[in-house]
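Visitor: Chain by chain, the residues run as shown.
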Amino acid sequence: MTDQFPVLIIIIPLIFAVITPLLGWWRENLCYPWVILSLALCMLCSIFVLGRVIDTGVVIHYYLGSWAPPWGIELVIDHLNALMLVIISTTALIVAVYSKRSITQEIDGSIVYFYTVFLLQVTGFLGIVITGDMFNLYVFLEITSLTGYALIAAGEDGAPFASFRYMIMGTIGACFYLLGVGYLYIVTGSLNIADLARLLPDLYGSRVILVAFAFFFVGIAIKMALFPLHTWLPDAYTKAPSAASALIAPLMTKVAVYVMLRIMFTVFNPSLSIEILPVTDIMVWLGIAAIVAGAVMALAQTDFKRMCCYIVVAEIGYMVGGTGIANSVAIKGVILHILNDAIMTLGMFVVAGIVYYQTKGHNLTDFRDLFKKMPYTMAAFVVTALSIIGVPPTCGFFSKWYLIQGAIISNCWAFVAALLLSSLINIILFFRIFEIGYGFHETHGHGHGHETVLISEAPMSMLIPTIITAIGIMLIGIYNQPILNNIIQFAVPKL
Amino acid sequence: MLDFIIGKYNYWIYIILMMIGFYAMIGKKNLVKKIIGMNIFQTAIILFYISTAYKKGGATLPIIVHAHGHSGHTSHAIEASSYINPLPHVLMLTAIVVMVATLGVALAIVLKIYRRYNTLEEDEILKAIK
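First to last, the protein sequences are chains A and B. So the first sequence is numbered by the numbering used here: it starts at 1 and just counts up by one. So the second sequence is numbered by the numbering used here: it starts at 496 and just counts up by one.
No lab work stands behind these hints: they were computed from the structure.
Listing some non-contacts, in silico: residues in chain B with all C-beta distances to chain A over 10 angstroms:
1. 496
2. 497
3. 499
4. 500
5. 501
6. 503
7. 504
8. 515
9. 524
10. 550
11. 555
12. 556
13. 574
14. 576
15. 578
16. 581
List time: in silico DSSO-like cross-link candidates among lysine-lysine, alpha-carbon distance up to 30 angstroms:
17. 622/B / 607/B
18. 503/B / 551/B
19. 100/A / 607/B
20. 550/B / 503/B
21. 625/B / 523/B
22. 625/B / 360/A
23. 360/A / 373/A
24. 528/B / 607/B
25. 607/B / 360/A
26. 622/B / 360/A
27. 100/A / 360/A
28. 607/B / 625/B
All values reported here derive from a predicted model rather than from experimental measurement. Here a beta-carbon is modelled for each residue, glycine too, at the ideal position from N, C-alpha and C.
All chains, please: the whole structure from these sequences, using the hints.
Guide: So this is what it looks like as structure tokens:
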């Protein structure tokens, strides 16, 4: 039974997603526990698989339908994807618990279809991470993207148009990825990642390989919203329903970063992007550009969710730049930052969802006096904000620490400067909100009569996931050493 | 040079189709035209994959005639060069499914946009949003 856990991780949400509409047709209120059940099972499976990978230290291979690779599709789980699986399934479970109240308020029409698409999207995320086959990865990438477009389009006014733009960009990205797979297939005749890694080093002189690499890089850069290609992200995530943006914002970009790491360091040999092509140098500068642009544009926003979106753009810059530095310390920082950023972004967007649920807005001015009115939510918000700034006991500090350390080892001083600049801007961003939240501008607010609206603490089903996220941020920060020593250390490619 | 263009004409067509699709996705203002461009773009990729599967010199479909016949075992050795590679075709079947799903989602979203703004022109929608 336990041998089947790798495939169960993706089969469970898929089967449950198919059954959800049938169940909802019969009893609509059963959908919510049903989704929770499926994601809890999925999380248990992925935690078990992670445990096994840590215990045995062996890469798990699962042959779908017992077809041996390179002909069949295999699922491969090493330290990096085991960690990613746990991140994805845990985040999905937290968001699912959280989603109950917010979607009944925000989505007109049935919640049944929302949950169906929700589960399908989680299937896509898990599939991208778990698969060991390039084309299979494309299919899962498209499952994720299509469900993402649907979820975003269900949002507030203007969401369908934002989703449409995202779809145009996203389809170009996915098609570029597919072309990259095609070029690799021409020269190697294989789609299996391990097989490709074996066959490709002899062909690094070939121009086909370079074209394939370029297509992969641009395609994935669109999917992860790397700076000049980020234009779809702020609109889409701002206008999506709170629960959808809490699911997509932490995971979609992080999964794309994972795919980038896989392609650069597993499919291709690290030497290709470090020595043969000057990719890593370009990546450092792209990362710096993304960090600076993201931070500056975040400063210009008056909408809280939109500000968080630009912070995500800056965080993508951290990870791409860190990958570009390409020494083991920086890569360690990148992988730790995938974990940290997923949970920090989750924290931001669940808070944004609660504020939207209670005040019907997500402008910065909607935070007025919220510290008095919903102390627990705001406590979680402060923890998340401190983590994004990078204050020590929270997790955000440690990944930045490793990134900066890696940058110093490689003498990338511009990257260090960009990271510090973005941290400073984050301080301004969040202390501005704290100021509004504590109501220091009381005199301006009274004249309009907004104060009569009573805002109380969020409902339990939304508050508990938020608190758990905040506690998670603290715990990951405190226990970062065990995580690094047991998991991430083995996930770092040999450079 | 001419041989280079004519000899690989299918790849040139793939590039031209892809650029037409790309232009339509980026340059056109009408949302349905963008979707049509997206479809042309994806179809170009299908042409590319199918082209890679093709082999010159009378290669045929990979259907092995009389494989289970009574004419002995030795005659069934498969010579890869005489058959077209079936795998890209199979991959493209999957890609077609993805295309159809994308088209479905795209049209559903466009329908939602049309109901809200009563137009499909991008600039008019942007004006309505602001």
